[in-house]
Amino acid sequence: MKKTLVVCVLFSVLFLLVGFSHAKETIRIGVITPLTGDVKTFGESTKNAFNIALEEYSKKGKYTIVPFIADDRNDPTEGANAALKLISQDKVRAIIGPLTSKVAIPVSEIANKNKVPMITGSATNPKVTISDNKRKPYVFRSCYTDPFQGAVGADFALRNLKAKTAAVLYDVSNDYSKGLSEVFKSTFTKGKGIITAYESYQKDDVDFSGIITKVAMKKPDVIYIPDYYNKVALIAKQVREKGLKGTMIGGDGWDSPELIKIAGNSVVGGYFTNHYSPDRKDPIAEAFIRKYKEKHGMVPDALAALAYDATMILFKALDSAKNPTPEEVAKIIANMKDFKGVTGTLRFDKNGDVIKSVVILKVDKDAVRYVTTVNP
Amino acid sequence: MEITGYLLQQFINGLQLGAVYALIALGYTMVYGVLRLINFAHGDIFMLGAFIAYYLISKFAIPIYLVFIITMFCTAGVGYIIEKVAYKPLRGAPKISLLITAVGVSLFLEYFLSLNAIFTANYIGFPRPFEVVNYDLSLFTVTNIQILIFATTGVSLVLLYLLIYRTKQGKAMRAVSYDQEVAALMGINIDRTISFTFMVGAALAGVGGILYGIAYPQINVFMGVMPGIKSFIAAVLGGIGIIHGAVIGGFIIGISEVFVSAFLSSTFRDGVIFVILFLVLLLKPSGIFGKRIEKV
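Chains Y and S, in that order, are what the protein sequence lines are.
If you want my numbering, it's the 1-based position in the first sequence plus 5.
If you want my numbering, it's the 1-based position in the second sequence plus 183.
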């Protein structure tokens, strides 16, 4: 009797061991994104998209992913703290995010130094992947960079809107805003346009009456406002209140439902450059949009699409690596060719930046409408 | 001709900003008068005023004058509670303890209210109770928002003046700020007078918060920090403890901010304001209207 019991126990232990050896290896992944603060709708989209990607991967992927999601409040210090905690305490193998350039730049330094691969979906400033002319080998992004986006905006103003004069308003404390406005200025001037006003403000400013009254004197054809939706909404309202009539143009920071909600009529008729349009006809994009709508009841914005692509790039690299060491994963991403994502087909250049097309969208009363696509 | 119009327009912009600073600066200066305390939590009461108004307008859709009245009562109540809980127990303590407590109260309000269960740390669009209308007066334009701000500030100032110089309670406030001990000997209830001063200051900050929310329609829990500091500078500039000094100081700060961003660059606007503080402290620490130098 006793003997049978021992045999039974031995067998069950054996089965358990066999079972465990077949269980997938776990990999910890960190996500850094602003879930509260001035760009929280961006952060929420990113998180939603990450979870959709994770769900898809868990059905067929090689590993079990354990996610650690951290809120950076769109604050560089918070972001850096979150990155240090994820790397040293949670021991993550890779990081998705951060969302904005100003947070991604310090975090990329930390990730690169600790040899943790990092892919940001949407940080467009060139400094994210390069510092002092040196490539950060562990840092990647799934979006285009500011020089390209700003140039497309300026070209669109010159050619499609036939603008002769432009005013630029930018946040001097924000790398994203500064980068875009510099490129816009140089491209617009090169195309025989005249920049009549080039005015800066600071992160916490809410009163723009001084600079807007000044710009209103110049009566520019277009006003370029490369900032995030919250600031844009405030500025747009004051621009119209001061009787400025010019068309407003912006960058991907405009892409939030909150923009129309806060700014109301004042932004209607404005244009902005973006990463993708939900109207895109493509099986991958359509499948993603459908899933996102089912889960979250709204059309995914560009940030969601980019975060999904960034996550999928990482998962693809993990699966194709023989042994997913940080070095191996970074090498595979760098050599990835023609990754088909929601935002289009992309590949990485020698800087870890992505080469792909820009879409231009127009703000209407209740939604944004697709206008045109510009290829690099 | 065009340049005069432009200057006038910028002047109006400055007055708009200055009016809000003046309302907040009054609270700083009155509390300093009776308690010799820089109430750093004052900027956060201003923020609270904006949030209360936001909930009143978006959830209840009540007329705008009721929004003002209810918000003033609420912020006055919060001012009363803060004084009772945080400052009264420290009445005999060194001034520095009181100052540190004020910073603590300020941080508590900001971070407690930024919890997700309460206001969250998000930026919230402030619903304007009416549409903006621009009145073109040939030389410059004025919006109905600006008229509302000027009118509300004007009415508040007149009421405050009447309160301080025409009522018994106001007399008590002046007496306490002149000399607390002697005032107590004359039978004035010091604690009640201090509480009352806090409530009046908080009510004015609440009005400032509503006006700010209407003028710059976006609110968040940290919105009181910069206006708070700037209004504090306005109070110091006018001479802390002096009522009309705070008002003039507020307008000077508002107008210089707008003119700096119009003629230099907005990048310098905060810098210039702090240089003003620096110069005042170096050259005339008692402020523009200050007569006596504090004996330390």
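Certain hints may be false.
[Unchecked claim] The calculated SDA-like cross-link candidates involving lysine to any residue, where the alpha carbons are at most 25 Å apart (straight line), are: (1) 183/Y x 448/S; (2) 355/Y x 135/Y; (3) 223/Y x 467/S.
Derived from the structure by calculation, the hints contain no laboratory data.
None of these values were measured; they are calculated from a predicted model.
Hints and how they fare:
1. 183/Y x 448/S: holds, 15 Å
2. 355/Y x 135/Y: Measuring from Cα to Cα gives roughly 11 Å; hence the hint holds.
3. 223/Y x 467/S: Status violated; Cα separation ~41 Å.
Of the numbered hints given earlier, the model fails hint 3 alone.
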